[in-house]
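*Asks:* Protein sequences appear in the order of chains A and B.
For the first sequence, the numbering used here assigns the number 1 to the initial residue and increments by one for each residue that follows.
For the second sequence, the numbering used here assigns the number 1 to the initial residue and increments by one for each residue that follows.
Rather than coming from a laboratory, the hints here were simulated on the basis of the structure.
Hints are supplied without guarantee of correctness; some may be wrong.
Heads up, the list lumps identical chains together, so a pair's fine if it works in one copy or across two of them.
To be verified - Computed list of lysine-lysine pairs in DSS-like fashion (alpha-carbon distance at most 25 Å, straight line):
hint, residue 1, residue 2
1, Lys-352, Lys-74
2, Lys-110, Lys-398
3, Lys-10, Lys-74
4, Lys-26, Lys-206
5, Lys-217, Lys-206
6, Lys-240, Lys-415
7, Lys-192, Lys-332
8, Lys-278, Lys-29
9, Lys-332, Lys-163
10, Lys-277, Lys-32
11, Lys-398, Lys-277
Number of protein chains: 2
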Amino acid sequence: MYEDVELSLKNLREAFEVLSREKSEKKNKFLKRLAEKIDENREYLKAENSKDVERARELKVKESLIDRLVLNDKRIDEMIESCQIVESLRDPIGEVVDSFVREDGLTIYKVRVPIGVLAIIYESRPNVTIETSILALKSGNTILLKGGSDALNSNKALVKLIKQALDDAGLPRNSVELVEHTDRSVVDYILKQRGLIDLIIPRGGKSLIDYVVSNAKMPVLETGAGVCHIFVDESADIDKSIAVIDNAKTQRPGTCNAVETLLVHRKIASEFLPKLKKLFDDKKVEIRGCVETRKVIECAPATEEDWSTEYLDLIISVKVVSSLDEAIEHIKKYSTKHSEAILTENYSNAMKFLNAVDSSTVYVNASTRFTDGGQFGMGAEIGISTQKFHARGPVGLKELTTTKFIVFGDYHVRK
Amino acid sequence: MYEDVELSLKNLREAFEVLSREKSEKKNKFLKRLAEKIDENREYLKAENSKDVERARELKVKESLIDRLVLNDKRIDEMIESCQIVESLRDPIGEVVDSFVREDGLTIYKVRVPIGVLAIIYESRPNVTIETSILALKSGNTILLKGGSDALNSNKALVKLIKQALDDAGLPRNSVELVEHTDRSVVDYILKQRGLIDLIIPRGGKSLIDYVVSNAKMPVLETGAGVCHIFVDESADIDKSIAVIDNAKTQRPGTCNAVETLLVHRKIASEFLPKLKKLFDDKKVEIRGCVETRKVIECAPATEEDWSTEYLDLIISVKVVSSLDEAIEHIKKYSTKHSEAILTENYSNAMKFLNAVDSSTVYVNASTRFTDGGQFGMGAEIGISTQKFHARGPVGLKELTTTKFIVFGDYHVRK
């Protein structure tokens with residue numbers, strides 16, 4: 001039924017046997033060529049992308065989602081920059097991450113090695129195609145890409161350039177394979193290929209992730225939806241806090257690290273909330289508040305559902321809490337364990353929040369928007385892991401490797 | 001149906017909320033008390049264990065498996081030593097494993113944190129009860145133990161001592177819970193508890209592991225059966241090789257790191273095999289040889305099934321190969337990716353073997369018996385991971401942690 005995908009997986013395995021042992025030199029040549037190719041093909045990429053965007057507009061997709069889909073010169077520049085950054089990053093393969101020399105001289109090295117054939121199932125953003133592929137390839141893995149059907153033309157164009165750059169660098173062109181089927185059942189087919197796919201990475205909304213986690217027969221690297229919280233403590237600097245919240249909500253609302261829920265300490269609610277409302281009225285952000293919030297400012301009511309909703313849009317839910325503990329309890333109940341922040345001048349509250357909140361990234365006095373491989377100095381990322389196994393937080397080059405022990409002896413025997 | 005297990009899981013989650021934030025001081029006090037308790041209760045432990053051993057004898061269990069079950073003074077000494085070693089190990093929790101200070105001053109630390117509620121499903125060896133519990137607890141996790149029904153009396157006695165030691169140290173006594181049901185369906189019940197169990201670890205034979213991997217709804221840390229190979233290259237020192245193989249097969253044949261298949265280079269077969277036969281005749285090891293082996297020495301024939309069998313017994317399969325490449329191909333086909341060794345004096349062959357063999361541990365000129373947390377300087381281990389995800393090779397303290405990012409800012413916003 002999906003003979004072409006079956007063939008892709010076979011090709012990816014064969015390509016892995018070659019790619020996993022290639023030196024950095026060729027992998028970096030590929031990255032250099034890919035950056036050049038993307039730059040040379042700007043008009044082609046934008047033309048293919050505009051087909052996808054037009055179709056989305058026809059389908060009345062909401063603007064924050066169309067924003068994710070668009071390839072403009074700024075985003076193309078970012079893709080080129082990602083290639084250049086990943087080229088400049090040290091190849092993780094072969095790195096000795098630990099060593100132990102026994103008293104008897106037996107010498108044990110723990111070294112990084114590639115994982116194998118990866119697969120990623122993702123939604124609209126075409127830049128994911130580039131970021132994922134370059135990270136997978138530089139770390140010696142091959143990868144099956146299943147992007148959103150709304151970005152198919154963009155992804156086909158990008159994968160064409162990737163394969164040309166692989167060719168130019170003398171690497172197997174089958175190291176990256178795009179699934180072009182747009183029906184849902186191809187996902188079910190992919191999820192069953194244990195043994196052929198070593199690791200699967202879902203990247204998108206909660207329903208996609210839950211579906212993959214529940215149905216995949218191979219290990220899953222869960223990259224998460226983000227219902228991110230900011231708690232404004234009573235001691236926070238209010239004007240600086242407003243600036244942080246503005247950044248966390250409006251800089252790019254369609255991303256998983258944008259804030260969705262604000263928890264405000266009761267003692268500062270009457271001073272803080274009117275300032276918040278003024279800002280968000282200007283920025284056209286809809287506030288959905290708890291009963292207590294609505295006693296201070298005029299806004300829509302927040303329902304139980306709001307507390308667990310990832311809006312990905314210019315909407316924010318606001319709840320007044322009576323203590324740090326109540327804020328932590330709310331986060332424990334509704335967080336997707338992505339990113340949470342406390343804004344405070346109180347040292348003990350800051351340390352308590354850092355310890356007690358069980359999320360991939362926990363901030364004191366900073367915007368949640370920093371949770372990103374690029375911002376964290378990892379070059380680029382394949383997603384944000386919200387699980388605790390293997391990798392947590394931004395998944396960059398090192399997170400796409402495993403290790404093995406290599407041991408040098410002189411006919412050693414165990415006593 | 002399993003209300004008691006359900007209650008255990010609830011208790012473990014509550015205990016985790018406390019234990020995960022405890023300082024090393026209390027955890028080390030627990031380890032010290034446990035070592036004392038085990039020492040004080042030697043006769044009690046041996047008496048409870050002898051009930052299990054007698055029952056196994058009645059059931060005509062084979063001696064190599066009974067060997068795994070027995071608690072004698074030497075094994076009790078080893079358990080005490082494990083407690084002392086783990087007490088002496090640095091607590092991994094809070095360790096900063098990576099850091100990044102951005103140009104704008106935002107300071108990012110990647111720190112080790114506990115995973116949560118673990119579960120282990122294992123077979124006969126009662127020492128696993130101690131080694132698993134102390135590693136889980138020292139790394140801040142709580143743990144559900146489902147041991148083999150043949151070791152139930154031994155495990156009940158050990159868990160009783162663990163709970164007493166937890167009490168003495170002021171830690172939650174519910175941090176370790178033993179499943180006492182001996183029916184198979186309790187395993188199915190456990191495998192469904194996604195959300196309540198964060199990580200499940202099967203430790204035992206291939207069928208147990210396959211069953212857990214196929215049916216668990218939560219992440220699995222696959223600890224593996226070992227069909228371990230040694231390749232004797234044409235340049236190997238034959239007498240030293242014989243000593244290594246003797247160690248790898250006979251020192252403790254019931255363990256997963258014992259060698260099961262020998263691959264012998266054709267050019268040295270006529271000199272090597274008779275020496276091997278003399279050794280193994282003396283040590284009462286049964287040789288099952290390929291057609292070519294049987295042209296050189298008298299032995300039973302190896303069937304196709306032998307190449308993928310973990311004997312865990314005084315049996316070894318032997319195959320003559322014509323090259324290093326043929327040896328690597330055989331390993332690729334039949335290995336469980338646990339431990340493999342090359343015995344050689346040829347530098348290039350050694351390096352090629354290290355690179356090409358995709359197992360958790362790959363040796364040059366050493367016995368496969370070294371693949372063990374204690375031997376690798378990790379204190380003790382919870383098993384040998386033969387998967388590539390999260391942890392590979394011996395699983396010690398650090399492998400039972402995850403990380404989170406904690407970020408210190410000064411009202412930083414993303415540009």
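*Asks:* Next, verify each hint and record whether it holds.
*Replies:* To see whether the hints hold, each was checked on the structure:
1. Lys-352 - Lys-74: The answer is neither: 40 Å in one copy and 45 Å across copies each exceed 25 Å.
2. Lys-110 - Lys-398: Both. Shortest intra-copy (14 Å) and inter-copy (13 Å) distances satisfy the 25 Å Cα cut-off.
3. Lys-10 - Lys-74: Answer is neither; intra-copy 36 Å and inter-copy 51 Å both fail.
4. Lys-26 - Lys-206: neither (37 Å within a copy, 40 Å between copies)
5. Lys-217 - Lys-206: For Lys-217 and Lys-206, the Cα distance is within 25 Å both inside one copy (19 Å) and across copies (18 Å).
6. Lys-240 - Lys-415: between (64 Å within a copy, 15 Å between copies)
7. Lys-192 - Lys-332: between (33 Å within a copy, 23 Å between copies)
8. Lys-278 - Lys-29: Classified as neither: same-chain Cα gap 51 Å, cross-chain 56 Å, threshold 25 Å.
9. Lys-332 - Lys-163: Classified as neither: same-chain Cα gap 45 Å, cross-chain 29 Å, threshold 25 Å.
10. Lys-277 - Lys-32: For Lys-277 and Lys-32, the Cα distance exceeds 25 Å both inside one copy (47 Å) and across copies (58 Å).
11. Lys-398 - Lys-277: So Lys-398 and Lys-277 fail the 25 Å test inside a copy (42 Å) and across (47 Å) alike.
In summary, the numbered hints that this structure violates are 1, 3, 4, 8, 9, 10, 11.
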